[in-house]
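Visitor: I would like the entire structure built from these sequences, with the hints used as guidance.
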Amino acid sequence: MVEKQAEKFRQSFVTHVNEDRLMDCMRCGFCLPACPTYIESGYDETQSPRGRIALMKAVQDGMVKWDSSIGEAFDLCLGCRACEPACPAGVQYGTLIEETRDAVNFAKDQSWKEKVVRKVAFDHLFANQKKMKTAVKLVTFYQKSGLQKAARKIGFFDLFPSIKTMEKTLPHLPKSRAEYIRHGPAKAKVAFFTGCLMDTMFNETNRNTIELLERLGCEVIAPKNQQCCGALQGHSGEMDRAKRNAISNLVAFDRMEVDYVVNNAGGCGAFLSEYDRLFEVDNELHRKAKEFVAKQIDISSLLFKMGIIDELEKLPSQESSKIITYQDSCHLRNVNGVIHEPRAILQSIKGSTFKEMKGADLCCGSAGIYNLLQPKMANKILDSKMNEVQKTKAVVIITTNPGCLLQMKAGIERENLSSTVRAVHLVDYVYEQIVKV
Amino acid sequence: MDEHVKEQLIAVTGIDFAKTTTAQKLSYSYDATAGFQAMPDLILSPASINEVQAIVKICGEHRVPIVSRGSGTNLAAGTTPTSGGVVLLFNRMSDIVELDEENLTMTVQPGVITQEINDRALEVGLFYPPDPSSMKISTIGGNVAENSGGLRGLKYGVTRDYVKGLKIVLPSGELLSTGGKLTKDVAGYDLTSLYVGSEGTLGVIVEITLGLLPAPKTKQTMLVFYDKLAEAAETVSAIIAAKIVPATLEFMDKGTIETVEDYMNIGLPKDCEAMLLIEQDGEPVVVAGDMEKIGMLCKENGAATIQFAQSVEEAERLGTARRVALSALARKRPTTILEDATVPRSEIANMVTAIQGIAKKYDLLICTFGHAGDGNLHPTILTDVRDAEEMARVELAFEEIFHYAIELGGTITGEHGVGEMKSPYLEWRIGEAGISTMKAIKSAIDPLNIMNPGKMFAKETKKRIVVKNG
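Order-wise, the sequence lines are chains A and B.
Mapping the first sequence onto numbering that gives the first Met the number 0, position 379 (from 1) lands on 378, and the numbers just tick up by one.
Mapping the second sequence onto numbering that gives the first Met the number 0, position 68 (from 1) lands on 67, and the numbers just tick up by one.
Don't read these hints as lab results, they were simulated from the structure.
Watch out, some of these pointers could steer you wrong.
Unchecked claim - Distance ranges between label pairs, derived from CB positions:
no., chain 1, residue 1, chain 2, residue 2, range
1, A, K188, B, K216, 52 to 62 Å
2, B, D261, A, D258, 43 to 53 Å
3, A, L314, B, D383, 53 to 63 Å
4, A, N415, B, D94, 29 to 39 Å
5, A, D258, B, E100, 33 to 43 Å
6, A, E18, B, G288, 50 to 60 Å
7, A, K392, B, N448, 55 to 65 Å
8, B, E315, A, R243, 38 to 48 Å
9, A, K392, B, M437, 51 to 61 Å
10, B, V244, A, E279, 53 to 63 Å
11, A, V1, B, K359, 50 to 60 Å
12, B, E315, A, K392, 25 to 35 Å
13, B, A186, A, D19, 51 to 61 Å
14, A, E71, B, A432, 46 to 56 Å
As the list claims (entries may be wrong) - The calculated lysine to aspartate or glutamate pairs, modelled on EDC-like cross-linking and capped at a C-alpha distance of 16 Å, are:
no., chain 1, residue 1, chain 2, residue 2
15, B, K298, B, E233
16, A, K242, A, E273
17, B, K331, A, D23
18, B, K461, B, E398
19, B, K331, A, D19
20, B, K359, B, E399
Just so it is clear, CB atoms sit at the ideal spot from N, CA and C, and this is done for glycine as well.
Guide: Here it is as structure tokens:
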């Protein structure tokens, strides 16, 4: 039985995980100091990129027989990809861990709990924007009805400790908005990838995104029928589901005469910018994906290009000198290499002092649905993060991705800091400066 | 390993600090050396010298091998658990114990990351010079056990030159203290020196007292590019002959420059044949004078371009570019095997030429970089471990490189250590008397051979190859 299962995994690793990609790793260990789970586990090689790659290889070669300890090492990977820029050998770790998760899913009978989470998350919520909207309506109802208060009192969420803090941090949803297609003098034509979470839970941020871009002279259109980018599915080894979403989006954005396709969620942006990797090179979809990828840009970079800094510098100077800090979105930083722009924007804001937090480049522990599946490690990482936040004495933590934003809000709740510290999306913070003054 | 012994060992640290799963054992089965891997039976993280002593005693009683491991960046298969047994980790013994500004020493536990020692010293205007390329990852315990070198070796020497005292748990479990903060101390044999570079074969290093220097006031960095490899090598000899000792004098060949540029994107010209990275530190006036003279020597020896770093950040980037060379080379082929052959400085040009010839002879891709100023080169063969025929040629090529290095008055390893990988060649360098003396020391201190067995001494020495002339 054990033998048979081990062979099933080995075979699946042979089929799904690219051997040449594994061989790229020469085990120098340069990735170790960049890996949040390596650090948080007290330097456990098993929880490092080098260790995980060695495990992938060992399973594939039959050097070890599959057991739950190996599965756990892969499950505990955040997928933050901080190891990639740290790797001189150019190992494509992100692809390897996705292939591995695909291999594991293929070989494994998923546990009941995980199946339910995956089913609800991937087949329903993230697969379809309409369902997402319905779900969010339910959340709205739940919040408005006072059930939220009640649930908190009764302790219903004690059953799910990580959801409990998350639940406290769900933003109060604004009322539904008018479809936002506006026209301004076009300095650039921009198609807006709204993002499923951003469009529902954070739709105010989306409205602010459009307004800021319009103020900077962009013409912004938001193509209908766009779907969730597919990142969460892809990162969890649900490649087929991810591809389905990618195809929908390639259709929705097809033949659009725009200069940029902008997004305001770091995680989505990274996945969108690698759509071409999902398809075989000679495929028509690959060609379309290439075109789509070439136009991708994140909101910080686009605001920067369109001259947001000049606008911010025109604002009257202010007395207040509160401290603000920035938490990198892992994928925005590690995949798209956007490090400078958000910081430059925040530094040019008057009336607040930008202070770099130590380890801003390390994952906050949100990592898609990681904080739901691996609450223990996620909270360890979050506690270290909040410790660093507090050292900066910042009263505003700025992020550029909805997952990070929710996680930072959860961190503020965990540390009982909600009366003094808040977490805000970069777009909203800039909007506050420019529009609300 | 006997289950009962395992339980006893785990009881020392407690189960929370013992690693026993398949995944964990596999993760401690390798280091940074291609082609070497072996599974340990158990991985332990002791918290104190007492715990290390208890573990060593149990292992002695039951003949269980002990492999001390830092961060596993070893390049000679020195930390692979070749005969199974216990891997000892120092992640819980990773404190800086004391920084003594009056005696210019720092006392540390073995698990401290090398970079941290550097940073802490600099905070108070002091300087710990050894800077192996892996310093952001490697531990000081590993550096001491391997007597690691680095980019500043030319002017400042290697780890050995800064180790003033050690605490060692002997294979018997007894605690040995050697040396200390004294500048002068000739009481008996120099056991500190014996343990530096002993590769974990004579005991477990549990505390280290390091000597520090006042930090140099300033540093300047220049990059020099050449159209001919030989001209770069000749420049190195010319600089040394002019009685200038730069802090750093590093060399990279064309292949290395290409891959480093692919990773770093810092504008290194991919069409040049060789590059030197030269640094000088010290008093501003002296540094300026030296750099000017070095610049002249570079030009006289045919340098195509000379470029000065304009800022501290730029200098740092250039240093990083050199440090990532080995890993960046892994981009070229699936397997990266590097060597550490070292020759007298005056022979650098001959050695570089010999390596080129050997690459051609065996039809292999060899890229070379290294610490040219101290004669320590890293010829790196880019190959594929899955191709048996090519691997056979790789082995021949390395043997020939070792052979040449020794002919030129050099050694088989300058700074990476012998480990398992180079043990069959050790006798080439130190001779029969060398081997028997070392074996006598080993069996006197570790009669049961529980300390990192299978390293340093090979079952059989490789036969010296006969290289035909011409």
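Visitor: Return the numbers of the hints above that this structure violates; sort them in rising order.
Guide: Violated hints (numbers, rising): 2, 5; every other hint is consistent with the structure.
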